[in-house]
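Trainee: One-letter residues, chain by chain:
4 protein chains.
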Amino acid sequence: MLKVGLIGVGSMGTQHFLRIMNVISGATVVAVSDINEAHAKEVIAPYEGVRYIADPIELIRDPEVDAVVIVSIDSTHEAYCIEAIKQQKYIFCEKPLSSSAAGAKAVVDAEMAGGKRLIQMGFNRRFDTRYEELKALVASGDLGEPMVAHCAHRNATYAPQYDDVTAVTGTAVHEIDIMSWLVGDYFTKAQVIFPKSSRHVQNPNLHDPQIVLLTTSSGMVVSCEIWVNCQFAYDVRCEVLCEDGTATLPRPARVDVCTKQLNYTGMTTDGGGYFADSYNREFQAWADACNSGTVNEAAASAWDGYCAAVTTDACLKAQKSGAIEPVALTERPAFYK
Amino acid sequence: MLKVGLIGVGSMGTQHFLRIMNVISGATVVAVSDINEAHAKEVIAPYEGVRYIADPIELIRDPEVDAVVIVSIDSTHEAYCIEAIKQQKYIFCEKPLSSSAAGAKAVVDAEMAGGKRLIQMGFNRRFDTRYEELKALVASGDLGEPMVAHCAHRNATYAPQYDDVTAVTGTAVHEIDIMSWLVGDYFTKAQVIFPKSSRHVQNPNLHDPQIVLLTTSSGMVVSCEIWVNCQFAYDVRCEVLCEDGTATLPRPARVDVCTKQLNYTGMTTDGGGYFADSYNREFQAWADACNSGTVNEAAASAWDGYCAAVTTDACLKAQKSGAIEPVALTERPAFYK
Amino acid sequence: MLKVGLIGVGSMGTQHFLRIMNVISGATVVAVSDINEAHAKEVIAPYEGVRYIADPIELIRDPEVDAVVIVSIDSTHEAYCIEAIKQQKYIFCEKPLSSSAAGAKAVVDAEMAGGKRLIQMGFNRRFDTRYEELKALVASGDLGEPMVAHCAHRNATYAPQYDDVTAVTGTAVHEIDIMSWLVGDYFTKAQVIFPKSSRHVQNPNLHDPQIVLLTTSSGMVVSCEIWVNCQFAYDVRCEVLCEDGTATLPRPARVDVCTKQLNYTGMTTDGGGYFADSYNREFQAWADACNSGTVNEAAASAWDGYCAAVTTDACLKAQKSGAIEPVALTERPAFYK
Amino acid sequence: MLKVGLIGVGSMGTQHFLRIMNVISGATVVAVSDINEAHAKEVIAPYEGVRYIADPIELIRDPEVDAVVIVSIDSTHEAYCIEAIKQQKYIFCEKPLSSSAAGAKAVVDAEMAGGKRLIQMGFNRRFDTRYEELKALVASGDLGEPMVAHCAHRNATYAPQYDDVTAVTGTAVHEIDIMSWLVGDYFTKAQVIFPKSSRHVQNPNLHDPQIVLLTTSSGMVVSCEIWVNCQFAYDVRCEVLCEDGTATLPRPARVDVCTKQLNYTGMTTDGGGYFADSYNREFQAWADACNSGTVNEAAASAWDGYCAAVTTDACLKAQKSGAIEPVALTERPAFYK
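Residue numbers (the working numbering), protein chains in the order written: chain A, 4 to 340; chain B, 4 to 340; chain C, 4 to 340; chain D, 4 to 340.
Among the clues, some could well be false.
Which copy is meant is left open, because identical chains are indistinguishable; a pair holds if it fits in one copy or across any two.
[Stated by the list, open to error] Below, computed lysine to aspartate or glutamate pairings styled on EDC-like, alpha-carbon distance capped at 16 Å: (1) Lys323 <-> Asp58; (2) Lys6 <-> Asp65; (3) Lys320 <-> Glu148; (4) Lys138 <-> Asp65; (5) Lys89 <-> Asp316; (6) Lys92 <-> Asp69; (7) Lys6 <-> Glu51; (8) Lys263 <-> Asp112; (9) Lys323 <-> Asp145; (10) Lys340 <-> Asp58; (11) Lys320 <-> Asp77; (12) Lys192 <-> Glu86; (13) Lys263 <-> Asp247; (14) Lys119 <-> Glu86; (15) Lys98 <-> Asp77; (16) Lys323 <-> Glu334; (17) Lys108 <-> Asp247; (18) Lys44 <-> Asp291; (19) Lys6 <-> Asp273.
Calculated directly from the structure, the hints in this document are not laboratory data.
These numbers were taken from a predicted model, which means no experiment stands behind them.
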């Protein structure tokens, strides 16, 4: 039974806490840290044997804690990762690895210096069965080489503070990681196109929808539509063009209804629900790997977190320049292969 | 240019008149007959060279008339067919061939006695491209022998006078003809099941939906759901189970929409629109065949009209008895092969 | 942590053992019984703290065992259930409850006499999210009353010993339970129709496909196609006709591929895979309920197991008689509401 | 009966000849011109009353000829249009209007100088019922303003001479016209992106696939994937993103098949077949308009042909520069509204 220390019980942190307590086999939370002590104590109250530890660093160092889940605010991830690496404890770190590419590099360097891979990034889509099927098909080579992908990430509505930066670091980053994983390549160029914006856009610093165009080292082009106030539902699209055919992510299987001159299936606005199964599977995979003294190879590593950070930096630059910007990445180090 | 005499310009007759004048190549209407003279003259007024002939028999005999289209009320079809056979003119006869199986047999006998096939029945679905693809696939044998078919015929709403008899003679008759054509077999047994009826049923002499179960001479079972007040749309379903797979009629290709948490395609309540293309194609095929001095082999013959009549008779008996009733049919005569 | 004793580690029993050990949260297996001692010991070897107990009755009575999972051969279910009821331990019993309707009634009576509901039957489809959505929609009344359902249960191939009896007790029984659950009604009449059989049928005592027609107490008709050598895949279909529309179970969401002039999605021949998620969810629900000292209300009860047995008995009679046979069921007792 | 003179009976010209003779109502071909006299005479041989006229200009001037269909090689369109305008005869001109934007402008100017609209361009997709439904939905405003469209034009294979120029002038031009028509706007900017090319590309002067990015005067962005050796089928995709939802062109309705662990629909490699119905409808619309002494307003005008030429010019420039190129277009003149 893996004994987990969890940092941050905001919305997603609480979901992860409940997941580990109620759904995951072979893991349990023994300690929780959060700046909001009252709230944290409320969350853990129904469960016996879970301690509140105010200081996250103390939690990481606590001898009862086998492994750490980091769901605190973005700016803290880097420091907590580095401390957990010092303790040589396994880490589940929600994206991003750091709030800067340089910080991400520091974590990568610390992990490599420690000599043992410890970090699993929270890029949950890698554990979505639909993406798994898509990757398996593309990797099989049955359709030839991938050349183009048309992707879309759509949210029904966005929080007021959501702006062009968040569009990249909070949304496009998922497309960046998943497509890099799907085709086993990294990005070398980025461009961002701003079409006419929706009347539903309220933040003057947001263009919505926008199109992020990425090129991989082999010349594949990935077009990612980012549209965060599409109104109609949470929706993720991915069509991969290979030399001998196309492969497209399906929408979720929902009951097919005919009524009132419509033939429809329902859609959800809940992104968590859309990918609920993948969250459970990524945590089960993490717990299983920790219990086996290893990391899950399908999951995103610290290196993947670093790649995502470098790529989003280029996208942010491209938003401002309107030009095609280089992405300064290199081949994956042997340590992460 | 085939010169057509058309009997009956009610709703469907007017559609056929306009079709021949405006859509079909190689045919034109030269004479129209209808009991409502004023209405008929209104219909033909915009077109030059179309005469009104009060007496349908006179119209059939008119020397300018090359071929006859019969869209008058059901009870008149038999007599007009027999007159046109006497004149050895080509006939397009809307279903039914006669209002009784005996009457249908009389037309078949007259046509055989005349020594030349002249009649094309208005079973339009045989010219629907989706049914054509389905038949071609089943006939190819690629999926093995057909064993079962699940069919459904759904109308959004029905006319007040629609009752259990019409459910068979006006609706199930289409399933009977098309399925017989599709698998190249005829029916030997019929059963009708009455589930709980919809609250939308107003006619006390109607059970709706109902399920007509038919068995072919080879033992294939065809289940036909007849549901004429389904409210939601006009809808026709057909799934054929063959030994190595299934083949299913698609719904029409309609624009796929995502909005308001629904992913939908529109449906129509208009059966004429659903099959519009097949009406055009059956008339073009008829005109082409007449102009070539032959009948179209894919179209329903007088024999097919007779088979449909015998089968609907058995269904009507089965509605009353609740039992499995025999269908008294024999192999197709060589004349109709 | 619920301590489970599991009887029977054949194919499905082993799956359930591994499920409880590796996937389910809050439960663990502490004892296993099986007539094949060597095999059972092999299955449990990798796991610490799991004892082998040769005698199932002894296992049921073992003080460490909180709850019992019965996956042994059908004929033993009744006796093990009755013993576990005596011990007032929670039971997960794979279908059937007994090999006879009378035996099922005996278990129901024993449970009622014990005064506490203890049994959850292994009708996994009730925990399939697609069926859940379908039931929720039908139950909402948004589409009006259900009147007809077209169901199909298809297996790619069947074991040589599979015959007309198994078609009912092993296959149709799933449709019987799920449809009864879905519309909240029980069956009063059964008929079985034998179409022409597939050339792939090898057992002379099997008709395949066959159509089971069931009528509920309210007059709804459920048509269940049972086709166990359809060759192409494992496939389950369900379309419910309500007064204002239809609702249809979707196929699983699979990657959509275009290649070689086909637009396809893959299908699986693995029924376990088709419903894998529902197996996990039914066991999690069972463990959660046991840990809360209750039974899961969505799951099938002993009464549901009894209803299934009475209905399959009528189907078996209908296969032989060719007639419409009564199903001798009554309203659900208050104990099971 | 419209008497048509047709210039050019190559592959498409012959199809159009047969279409007018056999499918279209109210029109017939009376004269044909082609540089290959023997072939032309073979094509017309089965039909009475069709003359061969060697000189196209003579054919245009022939007093029996009411209207002209131009399907000769691209470089001749401009001169034949101008001659037919001189004769004030109606014209059906296959794309392009001219082999240069300047030439297209000359035709526009000639038509305006003549004072009467005479030209219908052969952009057949405007008569495809699926595009019509899509346009009607977008134009209705029910989904809000269109902001982005993702389009794709895919051919299974290409002719050896097909190169980057043809990719624009022969293929992208269809997307340019249809999208301009669909949203009622014209393009102001063009960019072309070259991803990694397929191994199936043989012509060194072809990049395939390629992505053409177009911006309209209102800021809408249209992304057009051009992929002419996709191997799998002829395929056309169009998804329009509006402020409140998306609308997507369906694939053709084809029989849905389950066999060998696949659930598939067939696809065709035949672009003519994919859009067959639209060719018939555009010619019927043309014949009807000519017979009424007018032009069809839904069809592409000479102005539309000119817009397409200017836009393709910008695309060709963008292919070479790799930059975003301006499209030098202005508002539609009143003459063409």
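Trainee: State for each hint whether it applies.
Mentor: Now the hints, each set against the structure:
1. Within a single copy, Lys323 and Asp58 get their C-alpha atoms no closer than 39 Å, and across copies no closer than 60 Å, so neither meets the 16 Å cut-off.
2. Proximity of Lys6 to Asp65 under the C-alpha cut-off of 16 Å is restricted to the intra-copy arrangement: shortest distance 11 Å within a copy versus 30 Å between copies.
3. For the identical chains of this complex, Lys320 and Glu148 are neighbours neither inside a copy (30 Å) nor across copies (29 Å), given an alpha-carbon limit of 16 Å.
4. Proximity of Lys138 to Asp65 under the C-alpha cut-off of 16 Å is found in neither arrangement, the shortest distances being 39 Å within a copy and 48 Å between copies.
5. For the homomeric pair Lys89 and Asp316, neither the shortest alpha-carbon distance inside one copy (28 Å) nor that between copies (61 Å) is at most 16 Å.
6. In this homomeric assembly, Lys92 and Asp69 come within 16 Å of each other (Cα to Cα) only inside a single copy, at 6 Å, whereas the closest approach across copies is 35 Å.
7. Only within a single protomer do Lys6 and Glu51 lie at most 16 Å apart by alpha-carbon distance; the minimum there is 13 Å, versus 18 Å between protomers.
8. In this assembly of identical chains, Lys263 and Asp112 lie within 16 Å of each other by CA distance neither inside one copy nor across copies; the values are 60 Å within and 47 Å between.
9. When the C-alpha separation of Lys323 and Asp145 is checked against a cutoff of 16 Å, the pair qualifies neither within a copy, at 40 Å, nor between copies, at 33 Å.
10. Taking the shortest Cα distances, Lys340 and Asp58 never come within 16 Å of each other, neither inside one copy (34 Å) nor across copies (50 Å).
11. Taking the shortest Cα distances, Lys320 and Asp77 never come within 16 Å of each other, neither inside one copy (20 Å) nor across copies (45 Å).
12. In this assembly of identical chains, Lys192 and Glu86 lie within 16 Å of each other by CA distance neither inside one copy nor across copies; the values are 34 Å within and 51 Å between.
13. Within a single copy, Lys263 and Asp247 get their C-alpha atoms only as close as 40 Å, which misses the 16 Å cut-off; across copies the closest is 8 Å, which meets it.
14. Taking the closest pair of Cα atoms, Lys119 and Glu86 come within 16 Å of each other only inside a single copy of the chain (14 Å); across copies the shortest separation is 53 Å, beyond that limit.
15. In this assembly of identical chains, the alpha carbons of Lys98 and Asp77 lie at most 16 Å apart only when taken from the same copy (8 Å versus 50 Å across copies).
16. Within a single copy, Lys323 and Glu334 get their C-alpha atoms no closer than 27 Å, and across copies no closer than 31 Å, so neither meets the 16 Å cut-off.
17. For a Cα distance limit of 16 Å, the shortest separation of Lys108 from Asp247 qualifies neither inside one copy, at 38 Å, nor across copies, at 41 Å.
18. In this assembly of identical chains, the alpha carbons of Lys44 and Asp291 never lie at most 16 Å apart, being 28 Å within a copy and 23 Å across copies at closest.
19. With identical chains, the CA atoms of Lys6 and Asp273 are never at most 16 Å apart, being 30 Å at best within one copy and 36 Å at best between copies.
Against the hints set out earlier in the document, violations occur for numbers 1, 3, 4, 5, 8, 9, 10, 11, 12, 16, 17, 18, 19.
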